[in-house]
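J.: Listed below are the residues making up each chain.
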Amino acid sequence: MKNRKFELPFHIVKRDTMPLWKSLAVRVAAIVISLLLCSVLSVLLINKSPLVFFETMFKAVFSRDILIWQFAKDTAVLLCIALAITPAFRMRFWNIGAEGQTLIGALAAVTVAFYLGESLPNGILLIVMFAAAVLAGGLWGFLPAVFKAKWNANETLFTLMMNYVAMELVNFCISVWVQSGSGVLTPLSVGHLPTVLNSYFLLIAIVLVITVIIHIYLRQTKQGYEISVVGESENTARYVGIEVNKVIIRTMIISGAICGIAGFLIVGALDHTVSAESTVGGLGFIAIMVSWLAKFNPLAMIGTSAFITFLRRGTKNLAIRAAFPDIVVGTVLFFIIGCEFFINYKIKFRKANTTDKGGKA
Amino acid sequence: MNPFLDYLLNAISLGMTFLLGCTGEILTEKVGHLNLGIPGIMSVGGACGCIALKLMYGSNIPPALILIISILASFVGGLLMGAIYSFLTVSLKANQNVTGLAMTTFGVGVTKFIMSEFSVKNAHQFLYALEYFRFPFAKNETALKYWGVMLYLAVIIALVTSFVLSRTRVGLHLRAVGENPAAADAVGINVTLYKYGSTCIGSGIAALGGLYYIMNYMGSAEAYKRIESLGWLAVALVIFSLWKPHLSIIASTLFGMLYIAGTRLPTLLGIKIDTSAIYLFQMLPYVVTIIVLIISSIRNKKENQPPASLGLPYFREER
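For the record, the sequence lines run as chains A and B. Residue numbering for the first sequence follows our numbering, beginning at 1 and increasing consecutively. Residue numbering for the second sequence follows our numbering, beginning at 1001 and increasing consecutively.
The following block holds chain A by itself, in its conformation from the complex:
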């Protein structure tokens, strides 16, 4: 009696790999439950019935052609940033600086357009903008990588701080450029990407091409394989003769450079200006979850980024009060994060008579 300790009526064991359909079913169930909870929240918080909640969501995304195009555009931008951080994440390098890497890419593109816009023909200008954005993004990825590789400096906080450095740089540049002191740079008339079909199509096409390239890079090339090995175990990687430091730095430059491309696309195809708050607007953080939800698989990321974008766009006009989309996305994410447990582990309930064996066995 005195050695008896309180024991939970169940214990947890690790599963073998679950069949794909089953794990998908768990995830879908989690999403359905979370959406039901969100509809309850919509009744409680914004006084809209669940039916209206779902109806408004679908209407807000799919009811008109232009809305579908905008949905596709938002998905593509989010997808591009998610793709960018994926190589780093597969390497277990927690790059949460996509926000800053994208922003600095956008800033570089705008800077080029601002100073060289008059003197260069549009085609060459776009190429220079692209190059500047890639270099700037790459630099923002390179800095934390070097210190991680050489001295094991914490990359999570380093990349996070770089976000704010990028933001203040943007604020600084704008206050130099805009003499009125309004802090808003009016959209530039130069450096626009050509319009194919409509202003979104080219952007979407480019991102899809990047998706395929990243997929092939990660799955089919030696460098992609090296990334996976470093991610699994740095010691194994060293043992088989992979230069870990080189891989870390190279991968982070690629990661930052693709973020730079995202920044270039936002500037060239959509905004034609830059702002510390709204150019990226938190997408850098949401992209991390998009990438993680897709298990760092570039093709699956098309689906996850579309899903998150659907949630965000669908709930945007639901409430007059701001930020309801963030609450919905947050709630859904909690459930998806939580459901991973049921995919990786299973709960075994103890039988009533075996719980008392503590004394003898």
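For the record, the hints were derived by calculation from the structure and aren't laboratory data. None of these values were measured; they are calculated from a predicted model. Take these hints with a grain of salt, some might be off.
Quick partial rundown of chain B residues pointing at chain A, CB under 10 Å, derived from the structure [to be verified]:
| id | residue |
| --- | --- |
| 1 | Leu1036 |
| 2 | Ile1084 |
| 3 | Ala1094 |
| 4 | Thr1104 |
| 5 | Phe1113 |
| 6 | Val1235 |
| 7 | Val1238 |
| 8 | Gln1282 |
| 9 | Thr1289 |
| 10 | Ile1294 |
| 11 | Ser1297 |
Straight-line alpha carbon distances no greater than 27 Å define the calculated DSSO-like cross-link-like pairs of lysine-lysine that follow [to be verified]:
| id | chain 1 | residue 1 | chain 2 | residue 2 |
| --- | --- | --- | --- | --- |
| 12 | B | Lys1054 | B | Lys1139 |
| 13 | A | Lys346 | A | Lys22 |
| 14 | A | Lys246 | B | Lys1301 |
| 15 | A | Lys346 | A | Lys14 |
| 16 | A | Lys48 | B | Lys1112 |
| 17 | B | Lys1093 | A | Lys22 |
| 18 | A | Lys295 | A | Lys246 |
| 19 | A | Lys348 | B | Lys1093 |
| 20 | A | Lys316 | B | Lys1112 |
| 21 | A | Lys150 | A | Lys222 |
| 22 | B | Lys1121 | B | Lys1225 |
| 23 | B | Lys1145 | B | Lys1054 |
| 24 | A | Lys59 | A | Lys48 |
| 25 | A | Lys246 | A | Lys222 |
| 26 | A | Lys295 | A | Lys346 |
| 27 | A | Lys48 | B | Lys1054 |
| 28 | A | Lys316 | B | Lys1121 |
| 29 | B | Lys1093 | A | Lys14 |
| 30 | B | Lys1225 | B | Lys1145 |
| 31 | B | Lys1093 | A | Lys346 |
| 32 | B | Lys1225 | B | Lys1112 |
| 33 | A | Lys150 | B | Lys1301 |
| 34 | B | Lys1139 | B | Lys1121 |
| 35 | B | Lys1244 | A | Lys150 |
| 36 | A | Lys14 | A | Lys348 |
| 37 | A | Lys295 | B | Lys1093 |
| 38 | B | Lys1225 | A | Lys316 |
| 39 | A | Lys59 | B | Lys1112 |
| 40 | A | Lys150 | B | Lys1302 |
Virtual Cβ for every residue (Gly too), placed ideally from N, Cα, C.
Fit chain B to the supplied structure of chain A, relying on the hints for placement.
T.: Same frame as chain A, now just chain B:
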């Protein structure tokens, strides 16, 4: 008042926002959990405190009680957020980074949703309590007016946390869980209980930072918008102060000084700078954090390292 003293007093009072967030995060990290949800938790803490104040608006509850209730409301708000986080990361063994970021998205969203109800017009529904929070210097015209009740509370919490962590049995167990949960489990420490307790209380303490910033420092209806970026600095401050709450009292003062350097230093030194240079000054806290990060990793001293199991989930059957 001497302008430099004014600057210092102001910096210390702003720094307490970081201090509360940082103390909470240290408690969490000491049991091996990197909680990137701190900015969201701090925001929610501010919002919960303001709701409580709004509910008590116009009632005849004595000021001291109003103060205590709103601080408690803020603490409980943080506690609940911490409970979600620890359920996901401790019990369900979810990825800490992703969970934390989702907490921030969620928390900042909830806060915006709540606080957008207080437009500038009806901000008085919670700002009436400003003079209670800024007791006893509410009427003061200098930076001393920010030296209210919660400032002392923040320092006391940091000192107590420091004492508990380094001098008591509970603190020893707590650190053991963070360094090596399997070994702690083997000697009979309830790992799950410590992880839950420390993460939840840590989140509660961090949440106070949000309320402090809104009610004690800024005293405006728009203040909640800045809490997120301050929260990230609080997370960074943990490294800056080497996981020691008593050191973070000094470190957070330094951060406070850097944070307002852009508006204060030029007048203080009597130099005129271009308005755009203010943004370069605002970069300082982040740049300094990066530099400290680099220096501390290059020096690589054993006692200045993060808890060994930081960021790793603990699963008993995988020992």
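J.: For every hint, state whether the structure bears it out.
T.: Hint by hint, here is what the structure shows:
The beta carbon of leucine 1036 (chain B) is positioned within 10 Å of a beta carbon in chain A (closest approach about 8 Å), and the interface hint is therefore held. Hint status for isoleucine 1084 (chain B) relative to chain A: holds, with the closest Cβ pair at about 7 Å, below 10 Å. Proximity of alanine 1094 (chain B) to chain A holds as hinted, the smallest CB-CB distance being about 5 Å (cut-off 10 Å). At its closest, the beta carbon of threonine 1104 (chain B) sits 7 Å from a beta carbon of chain A; the interface hint therefore holds under the 10 Å criterion.
Taking 10 Å as the C-beta contact cut-off toward chain A, the hint placing phenylalanine 1113 (chain B) at the interface holds, the least distance being around 5 Å. Of the supplied interface hints, the one on valine 1235 (chain B) holds, with its beta-carbon coming within about 7 Å of a beta-carbon of chain A, less than 10 Å. Among the interface hints, the one on valine 1238 (chain B) holds; its C-beta lies about 9 Å from the nearest C-beta in chain A, closer than the 10 Å criterion. At a threshold of 10 Å, the smallest CB-CB gap from glutamine 1282 (chain B) to chain A is about 5 Å, leaving the interface hint in force.
Taking 10 Å as the C-beta cut-off, the interface hint given for threonine 1289 (chain B) holds, the closest approach to chain A being about 5 Å. The beta carbon of isoleucine 1294 (chain B) is positioned within 10 Å of a beta carbon in chain A (closest approach about 5 Å), and the interface hint is therefore held. The beta carbon of serine 1297 (chain B) comes within 4 Å of a beta carbon in chain A, closer than 10 Å, and the hint placing it at the interface holds. This hinted pair checks out: lysine 1054 (chain B) and lysine 1139 (chain B) have alpha carbons roughly 22 Å apart, not beyond 27 Å.
Using a Cα cut-off of 27 Å, the hinted pair lysine 346 (chain A) and lysine 22 (chain A) holds, with the two alpha carbons roughly 13 Å apart. Our distance criterion of 27 Å between C-alpha atoms is met by lysine 246 (chain A) and lysine 1301 (chain B), whose separation comes to about 25 Å. The suggested pairing of lysine 346 (chain A) with lysine 14 (chain A) holds, with an alpha-carbon distance near 6 Å, which does not exceed 27 Å. For the suggested pair lysine 48 (chain A) and lysine 1112 (chain B), the alpha carbons sit about 19 Å apart, so the restraint of at most 27 Å is met.
Our distance criterion of 27 Å between C-alpha atoms is met by lysine 1093 (chain B) and lysine 22 (chain A), whose separation comes to about 20 Å. Pair hint lysine 295 (chain A) plus lysine 246 (chain A) holds up; C-alpha atoms about 24 Å apart against a cutoff of 27 Å. A threshold of 27 Å between alpha carbons decides the hint, and for lysine 348 (chain A) with lysine 1093 (chain B) the separation of about 17 Å falls inside it, so the pair holds. Proximity of lysine 316 (chain A) to lysine 1112 (chain B) is assessed by CA-CA distance (about 14 Å); at most 27 Å being required, the pair is judged to hold.
Distance hint between lysine 150 (chain A) and lysine 222 (chain A) is fulfilled; the C-alpha atoms sit about 23 Å from each other, no more than 27 Å. At most 27 Å may separate the alpha-carbon atoms for a hinted pair to count; lysine 1121 (chain B) and lysine 1225 (chain B) meet this at roughly 17 Å. This hinted pair checks out: lysine 1145 (chain B) and lysine 1054 (chain B) have alpha carbons roughly 23 Å apart, not beyond 27 Å. Proximity of lysine 59 (chain A) to lysine 48 (chain A) is assessed by CA-CA distance (about 15 Å); at most 27 Å being required, the pair is judged to hold.
Simply put, lysine 246 (chain A) and lysine 222 (chain A) have alpha-carbon atoms about 14 Å apart, close enough for the 27 Å limit, and the pair holds. Our distance criterion of 27 Å between C-alpha atoms is met by lysine 295 (chain A) and lysine 346 (chain A), whose separation comes to about 20 Å. Between lysine 48 (chain A) and lysine 1054 (chain B) the alpha-carbon distance is near 24 Å, which keeps this suggested pair within the 27 Å criterion. At most 27 Å may separate the alpha-carbon atoms for a hinted pair to count; lysine 316 (chain A) and lysine 1121 (chain B) meet this at roughly 25 Å.
Restraint check: the Cα-Cα separation between lysine 1093 (chain B) and lysine 14 (chain A) comes to about 11 Å, which is no more than 27 Å; the hinted pair holds. Between lysine 1225 (chain B) and lysine 1145 (chain B) the alpha-carbon distance is near 22 Å, which keeps this suggested pair within the 27 Å criterion. For the hint linking lysine 1093 (chain B) to lysine 346 (chain A), the alpha-carbon distance of about 12 Å falls within 27 Å, and the restraint holds. The suggested pairing of lysine 1225 (chain B) with lysine 1112 (chain B) holds, with an alpha-carbon distance near 8 Å, which does not exceed 27 Å.
Restraint check for lysine 150 (chain A) and lysine 1301 (chain B): satisfied, since their Cα atoms lie roughly 16 Å apart, inside the 27 Å limit. Distance check on the hinted pair: lysine 1139 (chain B) and lysine 1121 (chain B) sit about 23 Å apart at the alpha-carbon level, within 27 Å; holds. With a C-alpha separation of about 26 Å, the suggested pair lysine 1244 (chain B) and lysine 150 (chain A) falls inside the 27 Å cut-off, and the hint holds. This hinted pair checks out: lysine 14 (chain A) and lysine 348 (chain A) have alpha carbons roughly 10 Å apart, not beyond 27 Å.
Straight-line distance between C-alpha atoms of lysine 295 (chain A) and lysine 1093 (chain B) comes to about 16 Å, which keeps the hinted pair within the 27 Å bound. Proposed proximity of lysine 1225 (chain B) and lysine 316 (chain A) is supported: the alpha carbons are some 19 Å apart, at most 27 Å. For the given pair, lysine 59 (chain A) sits about 25 Å from lysine 1112 (chain B) by alpha-carbon distance, which is consistent with the 27 Å threshold. Distance restraint check for lysine 150 (chain A) and lysine 1302 (chain B): the Cα-Cα separation of roughly 17 Å lies within the 27 Å cut-off, and the hinted pair is therefore satisfied.
Every hint, counting from the list given before, is met by this structure.
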